[in-house]
Amino acid sequence: MTEAIAIKNLKFAYGENQILNIADFSVQPGEFVFLHGASGSGKSTLLELLAGVLPTQSGQLQILGEALQDKSAHQLDLFRAKNVGYIFQSFNLIPYLSVTENIQLPLMFLKSKPDLQLFQHLIKSLELQPYVQRKVTDLSVGQQQRVAVARALMKQPKLILADEPTSALDYDHREKFLQLLFQICREQKTTVVFVSHDRTIEKLFSRVVGISTINSAHHQPQVIV
Amino acid sequence: MNWGAWINLSWKSLKNRRLATTLTVFSMMLSLVLLMSVERVRRAAESGFTQSISGVDLIVGARSGSLQIVLYSVFNLGQATNNVSIESYNDLKSRPEVEWTIPYSLGDGHKGFRVVATNTDFFKYYQFRSKEKVEFAAGQAFNSYFDVVIGSDVAEALNYQLGSLVEVAHGSTKGDGIQSHNDKPFTVVGVLKPTGTQIDRALYISLEAMEAIHLDWQTGSAPTLENQIAKEIITADMVQPKTITSFFLRTKNRIETLKLQRTINDYKSEPLLAVIPGVVLSELWQSLGSLEKILKAISFLVMLVGLMSMLIAIMTSLNERRREMAILRVLGASLVQILNLILLETFILTAIAVGLACLMKVALEWVFAPWLQTKYGLYLQRPSFAATEITYIFLMMGSALAISVIPGIRAMTSALKDGLSVKT
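Protein chains in written order, with my numbering: chain A, 1 to 225; chain X, 1001 to 1424.
Among the clues, some could well be false.
As the list claims (entries may be wrong) - Under the rule of at most 20 Å between Cα atoms (straight-line distance), these lysine to aspartate or glutamate pairs were calculated in the DMTMM-like manner:
1. A:Lys-82 with A:Glu-48
2. A:Lys-158 with A:Glu-66
3. A:Lys-176 with A:Asp-115
4. X:Lys-1015 with A:Asp-138
5. X:Lys-1012 with A:Glu-66
6. X:Lys-1231 with X:Asp-1266
If you're looking for bench data, these hints aren't it; they were derived computationally from the structure.
With the sequences and hints as input, model every part of the structure.
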């Protein structure tokens, strides 16, 4: 069976500044991976590489059997639109769109029609039914994160990348949020890579990886303004 | 491409920046309205100018400049240096190729308006614009010596109605004359409808009346009391006109016009000049062309300012929207789609601006057309949207889209550089 993620000798640097150097790392389909590490340890850069937002500089990066290092920028955009669902830390919704419009936004780039059954199922599971016509800015932080999850899952991606989506939630909500996320990802057989420095939630994941154990690049964290 | 969703996204994004969007649309709209209004007024001025008179093939006066004849006969500007004898007039009038004539005898005025002595053929034949005739708002043509028909501006400015008494000032068209024919007042018997031409700014009396008021004058000065000839004793024989200032002429066949013009210019018994009014009028308009160019240049600069304000508005918005762009990118928007989004926004902005500009233009014309016509003689002719206006609209949309490639590319590059890590 094809691995969801397969990395060989992946290196990435901003100028002279080596951020990532991953010799070997892979994730099986359907795994829920918790990736933890300190700020500036290269977590976000890795996620951007996995999402195909940053182009691969050297080494091999295979996602769902496709080699991202061989793809053009346009192919990467198409690949991401089709396969990758992304959940940001915060501020990740378009403020002037309604809940429904936000959730259905990714389909616009896929040129496909919204699957209304899936939409109903997602908002039901994520307890968003009463809010679908509301503006997202009227929602609480927890509700907004659930909208972001629904949006990420709406196109039924094979891979969900999450960048500290729970940092704004309190512990009880975090656990509930993750259980909802996992429940739906299990239904869709989606692989999840979840990045956080908050290790109190790691027990909920099927696999826990410290980024320092796979990344051999050492650099001084820089404050980027 | 799913246009509905894209337009929805752009529209809501624009709505989210309501103030900047409104101001941008407003400034673009105003610049387009200005550009189109200047064009429309220019066209109105040109046609009003060149069509002050129509259906007249030749204007004949004593030999002087061709421009001068047109100016004093059509625009009531300036004076004739010499007259045409009634014999020459009658001779030319009775030539077989002539369809009709309108004699004009000028020289007197009334409170700043010119008094034109003519005959009833004026009401029958005079045409302006595309074959419009002089019409009466009230009353009728003069039929006795001391009847006067007044133009609409005269009626309005001096508040005259039918039955008002008018004293004609001698030799003056500016203000109150020094000498007045106050012994022989005229009675208003007709008021003309507004035409938007010089006709509105004149008073019309019969040629005989012109003779009558000067009957007792000697060597250009008013008679003393004992020499005055009373109105009551004037007979038809006494007031047969001896000269006129100029006359309009229509030939039966246009082909005859040039031949007749040559005949008149070679007229043996007195020096005459015949001019084709259309030719002189368009020559005159062309000499005013530089003013027209300056107006046009200013309008184009205003349009440029409108486009610049749009550019500035989009450029400034980009910085606030980096996060938005990053989200769209990660949801799968390609760089080309980001560029398209900016172009689509520009298109929507411009389309709204153009739509509003057209509405505003039509509304302005609707409100101001009667006023422009009666006050300034500018008759806004159809069509409201000629080829020039359509060109301006497309020019505006085209340049707006072309200019918005700049912010579009900027959005692309910053989206590429920012990746997903915009910290706002």
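Hint check:
1. A:Lys-82 with A:Glu-48: Holds, at roughly 16 Å.
2. A:Lys-158 with A:Glu-66: holds (12 Å)
3. A:Lys-176 with A:Asp-115: violated (26 Å)
4. X:Lys-1015 with A:Asp-138: Answer holds: Lys-1015 (chain X) to Asp-138 (chain A) is near 17 Å, not above 20 Å.
5. X:Lys-1012 with A:Glu-66: At roughly 36 Å apart (the allowed maximum being 20 Å), Glu-66 (chain A) and Lys-1012 (chain X) break the hint.
6. X:Lys-1231 with X:Asp-1266: violated (41 Å)
Violation of the numbered hints given earlier is confined to hints 3, 5 and 6; the remaining hints are satisfied by the structure.
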